[in-house]
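Once you've looked at the hints, dock chains B, C and D against the given chain A.
Chains as they are written, first to last, in the working numbering: chain A, 501 to 719; chain B, 501 to 719; chain C, 501 to 719; chain D, 501 to 719.
None of these hints come from the bench; they were simulated from the model. A virtual CB, placed ideally from N, CA and C, is assigned to each residue, including glycine.
Counterexamples of contact, computed for chain A against chain D with all Cβ distances above 12 Å:
#1 GLU511
#2 GLU515
#3 LEU587
Computed beta-carbon distance windows for the label pairs:
#4 HIS647/D to GLY537/C: 21 to 31 Å
#5 ASP504/B to LEU523/A: 36 to 46 Å
#6 ALA688/C to ALA527/B: 18 to 28 Å
#7 ARG596/D to ALA552/A: 40 to 50 Å
#8 LEU534/C to ARG564/D: 39 to 49 Å
#9 GLU511/B to ALA552/A: 49 to 59 Å
#10 ALA688/B to THR545/A: 34 to 44 Å
#11 GLY678/A to THR545/D: 31 to 41 Å
Selected chain A positions facing chain B (Cβ under 7 Å, derived; list incomplete):
#12 TRP658
#13 CYS661
#14 THR665
#15 THR666
#16 VAL667
#17 GLY668
#18 TYR669
#19 GLY670
#20 ASP671
#21 VAL697
#22 THR698
Protein chains: 4
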Amino acid sequence: MEEDVRLLRWENRTEIPLFVLGLVYLAAYAVHVLAHGLPGAAHATLLAVIGAAWAGFLLDYVVRVRLSGRRFGVRYVATHLLDTVVLLLPLLRPLRAVEIYQVVQRRREQPRMSLYGRVIAYAGMAALLLGFSGALAVYQQERGAPHATIRTFGDAVWWVCETLTTVGYGDVTPVTVGGRVIAGFLMAMGLALLGAVTGSFSSWLYQVFAREGEVPPGR
Amino acid sequence: MEEDVRLLRWENRTEIPLFVLGLVYLAAYAVHVLAHGLPGAAHATLLAVIGAAWAGFLLDYVVRVRLSGRRFGVRYVATHLLDTVVLLLPLLRPLRAVEIYQVVQRRREQPRMSLYGRVIAYAGMAALLLGFSGALAVYQQERGAPHATIRTFGDAVWWVCETLTTVGYGDVTPVTVGGRVIAGFLMAMGLALLGAVTGSFSSWLYQVFAREGEVPPGR
Amino acid sequence: MEEDVRLLRWENRTEIPLFVLGLVYLAAYAVHVLAHGLPGAAHATLLAVIGAAWAGFLLDYVVRVRLSGRRFGVRYVATHLLDTVVLLLPLLRPLRAVEIYQVVQRRREQPRMSLYGRVIAYAGMAALLLGFSGALAVYQQERGAPHATIRTFGDAVWWVCETLTTVGYGDVTPVTVGGRVIAGFLMAMGLALLGAVTGSFSSWLYQVFAREGEVPPGR
Amino acid sequence: MEEDVRLLRWENRTEIPLFVLGLVYLAAYAVHVLAHGLPGAAHATLLAVIGAAWAGFLLDYVVRVRLSGRRFGVRYVATHLLDTVVLLLPLLRPLRAVEIYQVVQRRREQPRMSLYGRVIAYAGMAALLLGFSGALAVYQQERGAPHATIRTFGDAVWWVCETLTTVGYGDVTPVTVGGRVIAGFLMAMGLALLGAVTGSFSSWLYQVFAREGEVPPGR
Chain A
501 MEEDVRLLRW ENRTEIPLFV LGLVYLAAYA VHVLAHGLPG AAHATLLAVI GAAWAGFLLD
561 YVVRVRLSGR RFGVRYVATH LLDTVVLLLP LLRPLRAVEI YQVVQRRREQ PRMSLYGRVI
621 AYAGMAALLL GFSGALAVYQ QERGAPHATI RTFGDAVWWV CETLTTVGYG DVTPVTVGGR
681 VIAGFLMAMG LALLGAVTGS FSSWLYQVFA REGEVPPGR
Chain B
501 MEEDVRLLRW ENRTEIPLFV LGLVYLAAYA VHVLAHGLPG AAHATLLAVI GAAWAGFLLD
561 YVVRVRLSGR RFGVRYVATH LLDTVVLLLP LLRPLRAVEI YQVVQRRREQ PRMSLYGRVI
621 AYAGMAALLL GFSGALAVYQ QERGAPHATI RTFGDAVWWV CETLTTVGYG DVTPVTVGGR
681 VIAGFLMAMG LALLGAVTGS FSSWLYQVFA REGEVPPGR
Chain C
501 MEEDVRLLRW ENRTEIPLFV LGLVYLAAYA VHVLAHGLPG AAHATLLAVI GAAWAGFLLD
561 YVVRVRLSGR RFGVRYVATH LLDTVVLLLP LLRPLRAVEI YQVVQRRREQ PRMSLYGRVI
621 AYAGMAALLL GFSGALAVYQ QERGAPHATI RTFGDAVWWV CETLTTVGYG DVTPVTVGGR
681 VIAGFLMAMG LALLGAVTGS FSSWLYQVFA REGEVPPGR
Chain D
501 MEEDVRLLRW ENRTEIPLFV LGLVYLAAYA VHVLAHGLPG AAHATLLAVI GAAWAGFLLD
561 YVVRVRLSGR RFGVRYVATH LLDTVVLLLP LLRPLRAVEI YQVVQRRREQ PRMSLYGRVI
621 AYAGMAALLL GFSGALAVYQ QERGAPHATI RTFGDAVWWV CETLTTVGYG DVTPVTVGGR
681 VIAGFLMAMG LALLGAVTGS FSSWLYQVFA REGEVPPGR
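Chain A extracted, bound-state conformation:
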């Protein structure tokens, strides 16, 4: 009981700093990948920032395991899967923006977003973040690879659009093993986003339908 209170207090206090740290992480990674012309010292600094940010995320994770009063192990990882995924993929951390926005709204005593608004805000931000960080990661793997078709960051962004929507023209595709592993992950996310979009629409439609009390034409 007391542990839950302390855990909650910790989470409330670290919410904003961790969100800012997530943005710093993303920015440092983006500059590291995209800025070719920087001197070696600058890249070393960026890598240090990335490492420090990640150390911060790890620290937060460890503190929360401790405060939860449970033993760390397979069971903990299984029940806190999302936290663990976000620890390993800090690029997704800015997704917390939706939660923070809601907290801010509540403090101002304004109505919170509707369910559909939240789903669409999450799916949209997830698509943007996944797309941006996926394009960065694939570009880092592919540039310089022989016979690569993804040669500029613009190509990488175009490839991400094709992939997340499952269109898949195939005019630009990853050719390295690292690029393909990232691609496989993005494809699975594309499926999930598709599910979020179609599922939201279906539920919304059914609700409208039920409210209007209409009887469909029948077969």
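Using the frame of chain A, we list chains B, C and D on its own:
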């Protein structure tokens, strides 16, 4: 209160003229892109028509902001997102045809379309309008580009079919930055159309199912 | 009232003959397209059979318009859209097999298929019929075209699989205008089939869920 | 009645052995396809193991037909379709792991998985098993084929990712008839997985929505 009445009166009065203006806009844009052989003066006239139509849409938007009695700003744009999108993309304006058809039906005291009928009418018209204007826009970007695979308007239409259905063979693909930006927009629309189709079907099926009171075979 | 009885009697009587005629039509079309080595007289006979079958479908359509006691026109076509589509695309006629199977089951006083069984039977048969007749039609358009990638009937079947599932590798694609028009139609059908599959699954799942009275883990 | 008891007892007793046999089958097939350098005798042994495992599955099927007290025939195959499919495709047998896990949980008197947990566990394991065995089967067909683009097992895995998510870049595609038949089967499975994912999400969302008693913003 009074403002709402005046806004409603304005919307009722401008409904038909704006719809016609939307068709004029679309037709002028299509002729401008497709008619190569026209003299320069004709193209100048078409561009003037396009500009005038868009000025009309802007005027309507401004009047409605005024009549709504609210201040224009981020909040207004957020709550009237669809209006703002249609202002920036007047090619979607003929979608209003579905609304107008319904108003006409009501005046004739005929039953209005069912929910599914409306969803399918919207999705179908949206697909046609998006497809046609997307094909025009991509064709305008791609023709003349070196190494372009979209060389005729027929290629552009074929490419739009592949894209909106998320099939994506990749035999013809945009190669210019402008073409790819338009393509990314069309892909996202393709996802939404997919959601509309699958969502409608799912809801309709569930309703039929519930009415027949059938018990599914169970797992 | 009396007209409805006469219409129903007509439909009951012509059900089986029209179904057989649909199979004859499909078989004659398939042999006409696939059998290269036949003498010209055989092809002429096949075309005569196709024409005769289609004349039979037209006759049935006209009789039903008459018996319905309504005037033929845009309104009639709109309310009997499916009948009109089947008149123009007799290759879909064998879909009636599902209805006939149900009538047979009822006569034997056996329980009719469940809703999901019917949806899956329809979607499965529709996919097979659309796939087979689409492959025939595209193969007829593409063979002999310069630079065609669909060169054998096997290629056409492979291309149909890619298209109906919206995978779209693009290793074989239609290059003629006729082939692309047929392809566009098949792509739209692919979307609808996808909707049928995902919609059925969603509804079935919701029903199971509701019956078990489970409360989901919540977000 | 008595037959049902005997059938149930048989199924309880053979559950674990058959599951282990399924894993053995999968492992032997994987080693047979992937290990090029093995001497001929090793491959003969692996084929013997595969044959023996399949004979075990056939024996189980025959015993269950007998114990069910029904005559074997079209009707039996139709009502036990899943069993028959698993007999012909023993690579799917490890899917039973989900059932076994649930039985174990019940014995330990722990709460069973929620419906969504089960659907996601099934869909995830089905995707992994189908992907792995599909990659093996296509690789076996394609390697050595002239003009093949799937040349390594890595290519085959990459191709499976593209196919199950319906992205379909087309940079690697099967060129043999055998490979294309397997591909067609995998595509259909891809559609079904898509349906499982989107359907689950839709149902879950609707339930959350109904519980929160929210009224959507309305159109």
